[in-house]
Amino acid sequence: MSTEPTSIEGSVTPPTSIDSENSGVGASSQANVTTGKRKATPQRSEVWSHFTKIINSEGASKAKCNYCQKEFCCDVKKNGTGSLKYHIGSCKKNPSNVVDPSQGQLVLPRKGVEGGEGHLSTWRFDQEACRKGLAQMIVIDELPFKFVESEGFKKFMFVACPRFHIPSRTTMTRDVYQLYLDERVKIKQLLRSSCSRVCLTTDTWTSLQRVNYLCITAHFIDNDWKLNKKILNFCPISSHKGESIGMVIEKCLLNWGIDKLFTVTVDNASSNDVAIGYLRKKFNPRGGLVQNGKYLHMRCMAHIVNLIVVEGLKEMNKSVERVRGAVRYVRQSPARLQKFKECVVVEKIECKKMLCLDVCIRWNSTYLMLDTAQNFERAFERFEEQDTNFRAELERGEGWPSVDDWTNVRDLRDFLEHFYEVTLRISGTSYVTSNNFFDELSEIDILLRDAQLNSNFDFNVMAIKMKEKYDKYWGDIDKMNLLMFVACVLDPRQKLKYLEFALSEMSSSEKASEMMQKLKESLYELFDEYKPSLHSTCSQLSVSTHVSLGEPQQKMKRRMQALYKKRELEICGEDKTSELDKYLAEANEEFVEDFDILLWWKVNSPRFPTLSKMARDVLAIPVSTVASESAFSTGGRVLDQYRSSLTPKIVQALVCTQDWIRKSSSQEDIKKIEEQIQELDKIENDLMQKEIFWREDMDTNGKY
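Mapping the sequence shown onto my numbering, position 636 (from 1) lands on 636, and the numbers just tick up by one.
The set of hints was computed from the structure by calculation and includes no laboratory data.
Do not rely on the hints blindly, as some may be mistaken.
Stated by the list, open to error - Just the calculated beta-carbon pair ranges, DEER-fashion:
#1 Gln452 with Gly287: 27 to 33 angstroms
#2 Glu342 with Glu395: 45 to 51 angstroms
#3 Asp594 with Leu181: 22 to 28 angstroms
#4 Glu142 with Leu453: 24 to 30 angstroms
#5 Arg331 with Leu584: 52 to 58 angstroms
To be verified - Below are the DSBU-like pairs computed for lysine-lysine, each with C-alpha atoms no more than 30 angstroms apart in a straight line:
#6 Lys294 with Lys188
#7 Lys518 with Lys602
#8 Lys241 with Lys479
#9 Lys155 with Lys188
#10 Lys282 with Lys518
None of the values given here were measured: they were computed from a predicted structure.
Every residue, glycine too, gets a C-beta built ideally from N, C-alpha and C.
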């Protein structure tokens, strides 16, 4: 006869009351008595603190919730306790799930979470806030919209926040676009509140959909002297013609309410010259340009550096080709690569990097290939002993890399390292780069002059070719944008003294004197344009002596000060020493690496109110278009082969919003640029490898 009860409370669970018969229990007990061993008591799940086991009318075992009385199957062998655990977290009548909506829960500080660092905060459930946070996650982490419908995410949210109603992918798309619109309003307000002019960088890109996109990025310094970089548009264009690009830029600026334009940084494409001319023609009549658009066109320094280095690599091509052939052979199969790794271990070469193949049209990837390969010279020699086809295969091409080739490669690697570091420094977007333009220019000039004195004949020829390309763009001051020299003057560590010394070292004294004269004229012309007009100055000084009794004392004090200034002006005459003259007459600041030029101008802006306005515009100028090109890395990840059906409207929302809400710091800026450069190299390398395989297949089979 069974002793099984019809109801068992959650706190009482005799282990033999349900699943055992009396005969089985007796036999087991007898066995324990005979052997003298005690049987282990099974561990009880914590869910039974919230459920009661019952036998329903049909005779089946059920688990009834102690709060909502809902029944669940509880056969341990068939069902387990997973569904019971989920119910505990979502049961609305569970006291631990009921939170007073008027009372927030305490949240501990969390590192890496915006608003959660260094202090306690309170939290209460908010469906709309959770949806906004989810939209931000989709944008920042570049997740597909269907992520919200994935099984894993639903399970996680069911455990983490059961009350959150997960939106569909369609609703998520609308939320992301609404986030874009909300953030756009904030950026507009920031631009409106900032009285400084706006500098632009722009470039074009073709997506996997074969759609041409134009990226327009604004750079400006706000009222708190913080450098801002904001992507304004990431929109499709119908043509790469200059006038079409100019029309798109003009439309973008009008939509954003931007009427004060300072510079536009572009690469050396001829269509960009036409686009700049179009903008100059449209914005000049509105008074939106400085010096009638004389300094509007800014050439990308990184592109010019690229042209200079590529010109030099043509002369050192043989040694590079031989090392490239060796790297390509090793990387062509997993077996060869594994054998090469074994050679590295035998030779005890301690290098965490592994061989990488370059993209011939990108010199920085060639530098990275040589930088890695030169560490493995001994490994290549051992690999040649083990692989009999290695030398024979290379001899059929450019040849086997000799000792002289490795020497040339190391010298070239050391030489290219300087250009690589210059490119990284001028490509930053979270710190000022315009004040360092002349410093980088002089660094390149010294490098090329030293290379021409090298005993290696190949290096001499290479340096001569590079110097010719250098002089084409930077040899004549009339071909350069003088704002870059003005930025150097506005660096309190340099000013005119440093500039005059450096120019005299880089060129003849006669030419340096001529360049300094042109620079001073341009500097004072630009300053005069920023000076307040005579009418506005007189209106400030013409103060009425009548003061009503109801006016506050502070206003009376200001009037007295104005009267004093007026009397001093009548007696002593006007002080003709301008702010610019006073600034230049002061001693230069010391050269220190961590010098914060924006902080210096923020502190000294009360002393130089007019000059500081000019500094805000000049120091905001980007010397490269990397800010716009980096958006193409984001665009390439957003528009990958799995999400190529996104509309241009949503693509712009994703790219722009990510740029607006993602945190950025100057410490991470250079690392981010390196990663983006390597990512672009990898993409182009993969495309080139595919093209090579297709051509080989076509040569073999006569078709793709």
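These are the hints, each one checked on the structure:
Taking 27 to 33 angstroms as the suggested C-beta distance range, the pair Gln452 and Gly287 does not conform, at roughly 48 angstroms. Glu342 and Glu395 have their C-beta atoms about 24 angstroms apart, which leaves the hinted 45 to 51 angstroms range violated. Separated by about 39 angstroms at the C-beta atoms, Asp594 and Leu181 break the suggested range of 22 to 28 angstroms. Under the hint 24 to 30 angstroms, the C-beta atoms of Glu142 and Leu453, about 49 angstroms apart, miss the expected range.
Our hint of 52 to 58 angstroms for Arg331 and Leu584 holds, since their Cβ atoms are close to 57 angstroms apart. For the given pair, Lys294 sits about 27 angstroms from Lys188 by alpha-carbon distance, which is consistent with the 30 angstroms threshold. Annotation: proposed proximity of Lys518 to Lys602 holds, straight-line Cα distance about 29 angstroms (limit 30 angstroms). A threshold of 30 angstroms between alpha carbons decides the hint, and for Lys241 with Lys479 the separation of about 23 angstroms falls inside it, so the pair holds.
At most 30 angstroms may separate the alpha-carbon atoms for a hinted pair to count; Lys155 and Lys188 exceed this at roughly 39 angstroms. Taken as a hint, the Lys282 and Lys518 pair is honoured in the structure, with Cα atoms around 28 angstroms apart against an allowance of 30 angstroms.
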